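Construct all of the structure, not just a fragment, from the sequences and the given hints.
Chain order of the listed sequences is A and B. For what it's worth, the working numbering labels the leading residue of the first sequence as 1, then goes sequentially. For what it's worth, the working numbering labels the leading residue of the second sequence as 1, then goes sequentially.
Source of the hints: derived by calculation from the structure; they are not laboratory data. A portion of the hints provided could be inaccurate.
Copies of the same chain look alike in the list, so a pair counts if it fits in one copy or across any two.
What the hints assert, rightly or not - Under the rule of at most 30 Å between Cα atoms (straight-line distance), these lysine-lysine pairs were calculated in the BS3-like manner: (1) Lys254 x Lys22; (2) Lys241 x Lys254; (3) Lys241 x Lys108; (4) Lys45 x Lys150; (5) Lys22 x Lys241; (6) Lys31 x Lys150.
Since we're looking at a predicted model, the values are computed, not measured.
2 protein chains.
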Amino acid sequence: MASFIRQTYGQRIQNHQNPAAKMLLETMERKKTNLAVSVDVTNSKDFLSIIEAVGPFTHVDIIEDFEPSLIQEIQKLSRKHDFLIFEDRKFADIGNTVALQYSSGVHKIASWSHITNAHPVPGPSIISGLSSVGLPLGRGLLLLAEMSTKGALAAGSYTEEAVHMARAHRDFVIGFIAQRTMQGIGIEQGCLDTDDFIVLTPGVGLDAKGDSMGQQYRTPRQVIVESGCDVIIVGRGIYGKDYSQLGEIRAQAKRYREAGWEAYEDRQTA
Amino acid sequence: MASFIRQTYGQRIQNHQNPAAKMLLETMERKKTNLAVSVDVTNSKDFLSIIEAVGPFTHVDIIEDFEPSLIQEIQKLSRKHDFLIFEDRKFADIGNTVALQYSSGVHKIASWSHITNAHPVPGPSIISGLSSVGLPLGRGLLLLAEMSTKGALAAGSYTEEAVHMARAHRDFVIGFIAQRTMQGIGIEQGCLDTDDFIVLTPGVGLDAKGDSMGQQYRTPRQVIVESGCDVIIVGRGIYGKDYSQLGEIRAQAKRYREAGWEAYEDRQTA
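In structure tokens:
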């Protein structure tokens, strides 16, 4: 079996056709980082200063003072600091509605976000709807195959169905939000799994064990080495609650970046 | 077994503690309507003129020229035409994030939408997160227990888990988005189901059979009488593609309202 997990991010570029997937792997290889920073803050000043300090990954729909100019700022920072933008929108509606949500509204996500994600719960139509907007723009989609919260329903046959849906839409679906590699899932025993999906994993923490709202944390090593995921997603673990402490935020980002990359290097030789 | 399905909407008010649920049932009884109009258009002029012509139910996140003043307009119309606002946001993230999405951002949904909805896929934490924001404001939540699209994963044990989660949060969860009544689901055989959930059902059409993006349609009679749902959700079936034809839109809304109410009256005596 082609073990994508033992390949470097750079080697895996050739396994992908989707331009957002190629760009993501190229950037990870070039910058030696597999860290995505989840910037869940509600005003644009904090938002931009954290991005300036550390990097990508957003929830624009919680920004209170959102203005179209904010997007231009993010794009400028994306070029300056060489990162991809992943709007964690978690689309979850029927095809017709998600196509509108992705292209339109105040946020016009498709026009600036290299990667976005969707829940498979509505069935394959959610991928067709998003793909009709994103594919012509060179965008890529991650399906939420698993979630890190307590009591999540994305498990078992739900996860398998998500992987089936992804395999049927390889041009647009570049990977998963999941807690482990999806390699071999939904493949008949003895068959070769030739789909190299990129797995991004939330719920990663070096210190905390969880929050009061059901989030559960694992270390970069558990996620990358033991579970075969590719990118660690970290939010509050990096920027905490005081967004003015940019030195501390930078230091935490460095700490997570190093822990993530070390785990990845160990995986090559494990 | 207390058959909520044979009770009138008015009689069912006493089964509910949540103020949004009471308000919804009162309004349906008073106006003799079980129609929710899904206004999926991308500019605020069309949006307001369709609401002016027919009534509630929105996707504000697809409005291109959204301004906070739009909310004041909707609230004014809501009072003038005596309807409830249901923002069909389909929240689907972890507790901490949905709490921010519900309260913050450009749209500040909790401050004006009587009812919203969420996918149960992240587990019970999504309800705690939304409830921490919405309950103090007297808002109500619908869980998406089923979807009307082809290949939807919200079925079987997923649906059962959704109902379990709802039963454990009766103060805030007032009902479901589903294709049939959830009465008796997740209850041991022989036990009494005392939870009167309100079921709103999308995918209702008097003419069309489906769209090219996986949406499937059933008639008001199938939905209300045969499947025991309470509210029919209709979008494009009412306002079509030419939003300037307000006479036609009004006529279609009347047609659906009458078909929905007739089905409900037949159910009382069926």
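Do the hints match the structure? See the list:
1. Lys254 x Lys22: Result: close within a single copy only, 24 Å intra versus 52 Å inter.
2. Lys241 x Lys254: Result: close within a single copy only, 18 Å intra versus 52 Å inter.
3. Lys241 x Lys108: Classified as both; 28 Å inside a copy, 21 Å across copies.
4. Lys45 x Lys150: So lysine 45 and lysine 150 fail the 30 Å test inside a copy (32 Å) and across (43 Å) alike.
5. Lys22 x Lys241: neither (34 Å within a copy, 38 Å between copies)
6. Lys31 x Lys150: neither (33 Å within a copy, 42 Å between copies)
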